[in-house]
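Chemist: Okay, here's what each chain looks like letter by letter:
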Amino acid sequence: MSDKLALDVQNLSVSFPMRGRGADGRRRALLAVDNVNFLIARGKTLGIVGESGSGKTTAAMAVARLVPKLAGNITIDGIDFGTLDNEALRQARQRIQIIFQDPYSSLNPRLRAGEIVREPLVYAGETSRAEQDRIIDELFEAVGLRPEQKALFPHQFSGGQRQRIGIARALSTRPSLIICDEPVSALDVAVQAQILNLLKSLQGQFGLTYLFISHDLGVVQHMCDDIAVMYMGQFMEYADRKSFFAAPRHPYSQALLDAVPTIDIGAQPTGGKLVDGEIPDLTLPQTGCRFASRCPHARDVCNGGVPQLQDWPGSTGHRLACHLTGTFATS
Amino acid sequence: MKPAADSAPRRGAEIVDKAQHPLREMVVMFLANRAAMVASIVLSIVVLAAIFGPMLHPVDPFEMVWAPFTPPGQEGFVLGTDYLGRDMLAALLNGGRVSLTIGLVAALMSVFIGISFGALAGFYRGLVEEVLMRITEFFQVLPTLLFSMVIVALFGASLEVVTIAIGVVSWTAVARITRAEFLRIRELEYVTASRAAGASNVTLMTRVILPNALPPIIVQAALMVGSAILFEAGLAFLGLSDPNVVSWGQIIGSNRPYILDAGFTVTIPGLAIFVTVLSISLIGDGLNDALNPKLRAR
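Each protein sequence line maps, in turn, to chains A and B. Here the first sequence stands for residues 1 to 331, where the numbers follow our numbering. Here the second sequence stands for residues 1 to 298, where the numbers follow our numbering.
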C-alpha cells in the first residue's frame, strides 16, 4: 500500500520555546501542533481547516522541515523525510514544494520570472541548462503565462499572475507533494476562482498531491478529497469530503460551518456561540478537551482527559475527537 | 483568457520593451537628481586629475623648486610653493592619488568586514549573533581617532597601516545595517521558498538575501569613502601618516605653522578635501534616493 501514499505523517508535534520559565520552573514552550497523524494518497488532496493560530500552517511547515519538529515521523514517497540531515535533506527538498499565501513577498524581487521558476531546478542540480529552459517554457504554458513574460520582474505582474509564477515554481522539480498554504486568501474573488481551477486542472494533468491549508470552508469543499479540522494544535475531526459536508459531527466543525456567511434571505443567524469563551493556554499541558471552554455542548466529562480521534459509530474513516460522540450518535 | 494567436507576439514584444531591470530604473532615478549629477561630474574631475595629473605635470612633490611661499599664479607656479619651496600643484595632484586610494580601500575593507559580521549575525541569530554583535559594539564604543592613532603608533606610519587602521575603526555601521536587513529579509516568504527549494545556507546568504540587502549598504559605503578621506586627513594632520608620501591631510599638517603668513598652502588642500567629500556625500544621497523605492514618489 505504501507505494500509493505520497505522504504519511505520524505523531507530529511542534513546540516553540518561549521566554522565561513556567510556575513549575521548567522552560516555557508553546505546543503549537500536538500529536497529529495524517495520510495523503498520491494524486489526492487533504485540506486542513482551522482558525488563525490553530497550528495548520505550522504543521505544514513542519512537514516541509522548515520548522523544527518536536516529534513525529514524516514519510514522503516511502522515504523517511523526517530524519534526513544537512546535504541529504537539501537534496530531498525538491520532493516537497510550497505555494505561499502572499504572492507579493513570496517572489524574489531581484529575479526575473523565468529565473524564479528555474531556482529549484538549479538547487536540485540534476538538469542541464537547456533542459531547464524546456521545463520553464512548459510550465509557463501550463500555468497560463506567455513565454515573453519570463523576462519580467515580479513587480510587473498582478497578484494573480504572481501566484501563477509561484505555482510554476512549485511544479518545477515535479515534487511528490505540494503544500498550498492559503494560496488564494490574498487574492480577490474572481482571481481566486481562476487559481483554484488552475490548481485543479494541474492536479489532473500532472497527478499532483496537495496538502491544502485554508480557513475557507468553501474553498476546501471545492478542492479537497479529505478534510481535517484543526483546533489549537490538534485535529478535531477528520473525514472525507462527502461525509464531512453531508454531516459535520464535531461541535467545532458545526460552529465553523455556521460561521460561513450566507446570502440566503431566510437563513437564521446561528453564529455567536463560537466567539464566546477563552481559548486554552497551549504553554500548559492539556487536561481535557481543548474546545470545551467554547463548546455549546460542554459538560463535566469534557474536562476529563484529552479526547482522541475515533470513528463515528457506524462509519469508517469519519473520525472525531469528542467525549460526547456516543451521546450525539444516539440522540 | 489567452490572447488571440495572431496578436500574441506583438503584445508580448511591447511588454518586454517595458521590462526594466530595477538597476536601470535606479540609474534613471539617479540621473534625474541634479545635485548628485553635478557631484558626480566634480568627483570625476577630481579622480581624473588624481590619475592623470601627475603624468601631465611631472614634478616631484618633494623637490624644492623655488623660493618658499611663492603665491599662486606667480613665477609659473599655478598653486604657488609651500614652506620649503615645493610645487603645491604637484603635491595636490599626487596627494589626491593617495587620499582617494586610502578612502576607497579603507571603505572597501570596512564594507567587507561589516557585511561578513552583519550577514552571519543576522542569518544565524542565537549565539552567533550575540558574540558577533558584542564584538561590533566593542569596536563601536572605542574612540575611533584614538584607536586608529594607537594602531598607527604601534605598527608604524606606513600607507598600509593607516588604511587598515581606518578600515578597522569604521566597519561597525555596515555590520549593523547588514544585520538589520538580514533580520528583515530572512523572514520574507521568498527566502523560505528558496530554502524549501533546496538552497544551502551559503546560497541563501550570498545569492538570495545579500542582493536584496545591498541598497542601504551601498549608500553607507559611498558615504564611508568620504569619511575615510577625512579620517586620513585628520591622522596626517596630526603627523600620523607615511612621511614618504604626500596626501592632502599631510600637506595641511606640514604647512600648519605658516597658516597666517601663507594661508593658501593650507586652504588649497583643504578645499580639495572639502569638494571631494561633499561630492561623495551628495552622490551617496542621490544613491539613497535612487535605491530607496519608498522615496521615489517625491
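Simulated from the structure, these hints should not be mistaken for laboratory data. Even glycine gets a Cβ: it sits at the ideal position worked out from N, Cα and C. Be careful, since some hints might not be right.
To be verified - Facing chain A, a subset of chain B residues (Cβ under 7 Å, in silico):
1) G126
2) L188
3) Y190
4) A197
Chemist: The structure should be examined with respect to each hint, and the outcome stated for every one.
Modeler: Hints, one by one, checked against the model:
{"no.": "1", "hint": "G126", "result": "violated, 11 Å"}
{"no.": "2", "hint": "L188", "result": "holds, 5 Å"}
{"no.": "3", "hint": "Y190", "result": "holds, 4 Å"}
{"no.": "4", "hint": "A197", "result": "holds, 4 Å"}
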